[in-house]
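Asker: Given chain A's structure and the hints, the job is docking chains B and C onto it.
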Amino acid sequence: MPLAVAPPLVHLPAFEGPLDLLLHLVRQGRMDIFDLPMVTLCDQYLGHIRAMEHPDLSVAGEFFVMAATLLEIKSRMLLPAPPREETEDEDGAEIEDPRAALVRQLLEYGRFQSIADALRDREGERQRLFFREPTGYSPEYALPAKFGELSADALLKTLERMLASFDDGSHSVTSVRRQKVTLKMTMRLVLGRANAAGEAGISLSELLPEPPFERIEIILLFLSLLELLKQDLIGVFQDVFCGEIRIMPAPPAPVPHGGESELASARGTSNA
Amino acid sequence: MRSLLGMVEALLFVSGEPLSLKSLARATEWDEEAVLEALKELQERYSQSDTGLQVLEIGGGWQLGTRPEYAPTIGKLLAPHANRLTRPALETVTIIAYRQPLTQAEIEAIRGVGCDGVLKTLTERELIGEVGRKQTPGRPILYGTTTQFLHYFGMANLEELPPLPDEEESVEEEMTMALNAAGVGG
Amino acid sequence: MRSLLGMVEALLFVSGEPLSLKSLARATEWDEEAVLEALKELQERYSQSDTGLQVLEIGGGWQLGTRPEYAPTIGKLLAPHANRLTRPALETVTIIAYRQPLTQAEIEAIRGVGCDGVLKTLTERELIGEVGRKQTPGRPILYGTTTQFLHYFGMANLEELPPLPDEEESVEEEMTMALNAAGVGG
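Protein chains in written order, with the numbering used here: chain A, 1 to 272; chain B, 1001 to 1186; chain C, 2001 to 2186.
It should be emphasised that the hints constitute simulated quantities derived from the structure, not laboratory data.
By construction, the Cβ of each residue, glycine as well, lies at the ideal position given by its N, Cα and C atoms.
Label-pair restraints from in silico Cβ distances: (1) C:Lys2120 <-> B:Pro1137: 48 to 56 angstroms; (2) B:Arg1002 <-> A:Ser205: 58 to 66 angstroms; (3) C:Thr2086 <-> A:Thr69: 25 to 33 angstroms; (4) C:Val2131 <-> A:Glu72: 30 to 38 angstroms; (5) C:Lys2120 <-> B:Glu1037: 49 to 57 angstroms; (6) C:Gly2117 <-> B:Lys1022: 41 to 49 angstroms; (7) C:Gly2016 <-> A:Arg50: 46 to 54 angstroms; (8) B:Arg1111 <-> C:Glu2029: 30 to 38 angstroms; (9) A:Arg122 <-> C:Val2131: 20 to 28 angstroms; (10) B:Pro1162 <-> A:Pro209: 34 to 42 angstroms.
Heads up, simulated DSSO-like pairs for lysine-lysine below, C-alpha to C-alpha not over 30 angstroms straight-line: (11) B:Lys1022 <-> B:Lys1040; (12) A:Lys184 <-> B:Lys1134; (13) B:Lys1134 <-> B:Lys1120; (14) B:Lys1120 <-> C:Lys2022; (15) B:Lys1076 <-> C:Lys2040; (16) C:Lys2022 <-> B:Lys1076; (17) A:Lys184 <-> A:Lys230.
Derived coverage of chain C by chain B (criterion: at least 3 residues anywhere in the stretch with Cβ under 8 angstroms from a Cβ of chain B; other residues may be distant): (18) 2002-2008; (19) 2014-2024; (20) 2047-2058; (21) 2063-2071.
If we strip away everything but chain A, and leave its shape as in the complex, we get (with noise of 0.2 angstroms):
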């Protein structure tokens, strides 16, 4: 599309609205803000207005109400001046130029967009530094201290046999209320068990609950040996081949200044 005035740009930039433009087609055309020169400024709005390739509406309809304002400013300079008398209402307030309201927004405007480039700097240094993720209040921060035998498969391979050898709901009750049981909980079950054994460690048959259960109480049990021995909180051992899985504590971890199993995490004030 032809333009009637074309724009003194390279390229043409994505404006942020009205004011965007008209502050850069002032700036551009080197205007003096305080004596618009309407008849080249309108021109040049309209220019670039018609210039949009892909309008977006919802933006589109204000630069439209601008236009208009435009034009109607542009209407009204180009009337004959009034005689100087008439300069004054009925109240003695002098009447305003009929660019001063725009003039007064785009100063206003102006003045955030310079700001807005001072904020940009100070993001842009901000995001220069960095932060820590903020520690969570629990024992996942124990130090890893690798210990015991067993993999992680070695339990699931039991978890699935005795899961397979359920007679599946002959054993559960459910007619009685039925119980939340949480991971959690029965983490906290197993280790405060293990730890009450000792050394000497609890076996994987005395910690399976006494019948009648249900099948999730098994899953939890194992599920809750299973991130016990991820966190290291317990060591699991078995003497022979298929034998009887054993579950202990885990030792303090040895490694040097001592304690570090508090480390970040004020476990030493929870979990004995």
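Answerer: Below, chains B and C without anything else, positioned relative to chain A:
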């Protein structure tokens, strides 16, 4: 002005997990030997002053962590909802303290209201915990108090629980009666 | 052996967000004055050595963070930072910062465009929030900036906002900018 020591420190700080010599060397663009030296110097520096942090070789890597002696202080900051117990929570934990071990149904029979949420809160705050299962149908959880409970209330052990005053023996009786009435007593 | 300085350092380390004097005082069980002194000493200590970290007053509190010169090194270890604000979002949050509390209509009057979407984005990023309702028909929401805003721009409080040029200055600036834009220099 950047230094290898500063780089290593910044890297350990932002990383949530132990960093291997290899990844430290890659990020700093120094060789592993120099990185190791910087790590040792950093470790030394943190060990000399009255600092709250330490450099640890841990899990096959290096990590910046807090010193163990600051765990209680950190606990005060991070403990979930580290404000005072609500009234329902306080009531519930009191019942548990004096009547443990007991089940949720028994607690509810005494309090006369459900206490799902309260038990969850108390469990999360580790003031109570599961201490076993009742050998009745459904094998309900038996709750008891924890060492954290003792800590929270400034007691060395449960024997320090204030005894129920004579004139309030009725409280104990009421609890028992409530349990019996609800048919969950044991 | 614990020290207040060590406690403060450990607390700043584990906290993922700025800590107020108040919460530091509560966790350390020292008064705010002593905590502030410890903070200043820690700040001083980190500023003297060739460390990678610094103690910052930011976002309404105190926080331990890396020094800017180590950003490139950290960038090699971690994924790049979150996106910067878009121009409309930046302009809008600037207007809110200087003119708060104000309504959407008031913001739009200054910007000359609607800002539904931008306000939503800024709210989601927790840079702005509702701070009240204007006592006019429709009781429109009044927006203000948050502590997250301060943190995002690396400021301790709103007083650190760069001064808004007054009318006179901004006019001069406009003229200078116009000249610069036209490539004729000041």
